[in-house]
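Undergrad: Sequence:
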Amino acid sequence: SKTLQNIDTIEQMLRHRNKAFASYSLDQRLKMVNVMTFERHPPEKLICKEGHMATSFYFVLAGKVEVFSINNGIKQRMNVIGGGESFGRLAILGDTRLASNSCASTKALLLILGDYHKVDENNDPTLLEKQLLYLAGFEPFSTYPDFLEHVNQEAKIRIFDTNDVILTEEDNHSHVCIILQGGAKAQKNLKFVQKKITHVWNRFDPDVPLQKDEELIEKEVDIQEFVPRDHFPGLPITILDAAEMETLPDEIMGQLKTGCNYRVISTTKTKICVIKTLDLVKHAPEQLLNEFLGGNNLYQPNTLALQDSVLDRRKWEQYKKGVLHET
12 SKTLQNIDTI
22 EQMLRHRNKA
32 FASYSLDQRL
42 KMVNVMTFER
52 HPPEKLICKE
62 GHMATSFYFV
72 LAGKVEVFSI
82 NNGIKQRMNV
92 IGGGESFGRL
102 AILGDTRLAS
112 NSCASTKALL
122 LILGDYHKVD
132 ENNDPTLLEK
142 QLLYLAGFEP
152 FSTYPDFLEH
162 VNQEAKIRIF
172 DTNDVILTEE
182 DNHSHVCIIL
192 QGGAKAQKNL
202 KFVQKKITHV
212 WNRFDPDVPL
222 QKDEELIEKE
232 VDIQEFVPRD
242 HFPGLPITIL
252 DAAEMETLPD
262 EIMGQLKTGC
272 NYRVISTTKT
282 KICVIKTLDL
292 VKHAPEQLLN
302 EFLGGNNLYQ
312 PNTLALQDSV
322 LDRRKWEQYK
332 KGVLHET
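Residue numbers (my numbering): 12 to 338.
Simulated from the structure, these hints should not be mistaken for laboratory data.
Beta carbons are placed, not taken as given, at the ideal position from N, Cα and C, and that holds for glycine.
Do not rely on the hints blindly, as some may be mistaken.
Unchecked claim - 27 Å max Cα-Cα, derived DSS-like pairs, lysine-lysine: (1) K230 x K196; (2) K56 x K141; (3) K75 x K141; (4) K287 x K206; (5) K167 x K202; (6) K202 x K223; (7) K56 x K199; (8) K287 x K326; (9) K75 x K30; (10) K207 x K223; (11) K86 x K60; (12) K167 x K206.
As the list claims (entries may be wrong) - Beta-carbon label-pair distances, calculated as ranges: (13) Q164 x S36: 57 to 67 Å; (14) N313 x E262: 19 to 29 Å; (15) L144 x D216: 16 to 26 Å; (16) D216 x K280: 49 to 59 Å; (17) V91 x G265: 26 to 36 Å; (18) V91 x I228: 44 to 54 Å; (19) E180 x K118: 47 to 57 Å; (20) G270 x P239: 24 to 34 Å; (21) R325 x F49: 51 to 61 Å.
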């Protein structure tokens, strides 16, 4: 049977055996493994029939599959799909009838994704029970088991490869990501004005047009590291006033709908748990909410302060270079 632990092992095996499967993100691959099955087909076995509704998406692990159509009784080959390739995705996404036949032209080992539309659902009682037991081994859920019981059904586990983007600046604060394993960092793209000749940097003001001797410089800045138990995006301090409320006040809802002003990328293979912010506020005990609002709660960092920090660091580095040059 598939457990949260051996799903990871299956994903690693398939990633090395099938290029088409490997082209998806780690999170997508793990969700696919959770619902896929294996099939073996002898030569000439019909796999998909033209005109039938698309119900599955296939990865070819070994052997070959011929794609063909029949026109006026004449067979017309359209493609031959070999190991490492896939077929059927566009048809199942479009919920359309198949425009061609597919049959094994040799012995074929296929990976069948028959529940593609259910890949992101999380309502299987068995899987929810497994997830509950799994999350109970991580903080803060191990310390607050009652909180886990309340949020488990809506919680989702996500896994990211190194340097995957977990959160973008367009994402709002409707969900909270809690790191279970691995690590991540918050980054911010800052803009500066540079003098073309002297290379002196200054703050960029979008309301002030650039002069002829100036150019725009962009710099990606690391602003905070995240480790297990840390969360992002940060939460407004006002959520303490809404603890245990069924619905949040309009003021707080407005804050949560505001786009995050930084992005988060994984620094290693990282596993996170995603829960709704409303569930957090409704079910988290006051002590846990206070912990969330503690030291690593990165809520809307001040852009001007970050710019000044970069400028100060740049001046210091230039000063040190000047001193070394003089000596």
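Undergrad: For every hint, state whether the structure bears it out.
TA: Hint check:
1. K230 x K196: The given pair, whose Cα atoms are some 16 Å apart, holds under the 27 Å limit.
2. K56 x K141: At roughly 37 Å apart (the allowed maximum being 27 Å), K141 and K56 break the hint.
3. K75 x K141: Between K75 and K141 the Cα gap is close to 37 Å, so the pair fails against 27 Å, i.e. violated.
4. K287 x K206: Roughly 46 Å between the alpha carbons, so the hint for K287 and K206 is violated.
5. K167 x K202: Violated, at roughly 35 Å.
6. K202 x K223: Holds - the C-alpha atoms of K223 and K202 are around 17 Å apart, at most 27 Å.
7. K56 x K199: violated, 54 Å
8. K287 x K326: The given pair, whose Cα atoms are some 43 Å apart, is violated under the 27 Å limit.
9. K75 x K30: Given that 27 Å is the threshold and the Cα spacing comes to 15 Å, the pair holds.
10. K207 x K223: holds, 9 Å
11. K86 x K60: Holds. K86 to K60 sits at ~13 Å (cutoff 27 Å).
12. K167 x K206: violated, 48 Å
13. Q164 x S36: 57 to 67 Å: For Q164 and S36 the Cβ distance comes to about 24 Å; the hint is violated.
14. N313 x E262: 19 to 29 Å: holds, 20 Å
15. L144 x D216: 16 to 26 Å: Check failed, 54 Å falls outside 16 to 26 Å.
16. D216 x K280: 49 to 59 Å: At roughly 40 Å between Cβ atoms, K280 and D216 fall outside 49 to 59 Å, so the hint is violated.
17. V91 x G265: 26 to 36 Å: Hint violated: Cβ distance 56 Å, outside 26 to 36 Å.
18. V91 x I228: 44 to 54 Å: holds, 52 Å
19. E180 x K118: 47 to 57 Å: holds, 50 Å
20. G270 x P239: 24 to 34 Å: holds, 26 Å
21. R325 x F49: 51 to 61 Å: Hint holds: Cβ distance 56 Å, inside 51 to 61 Å.
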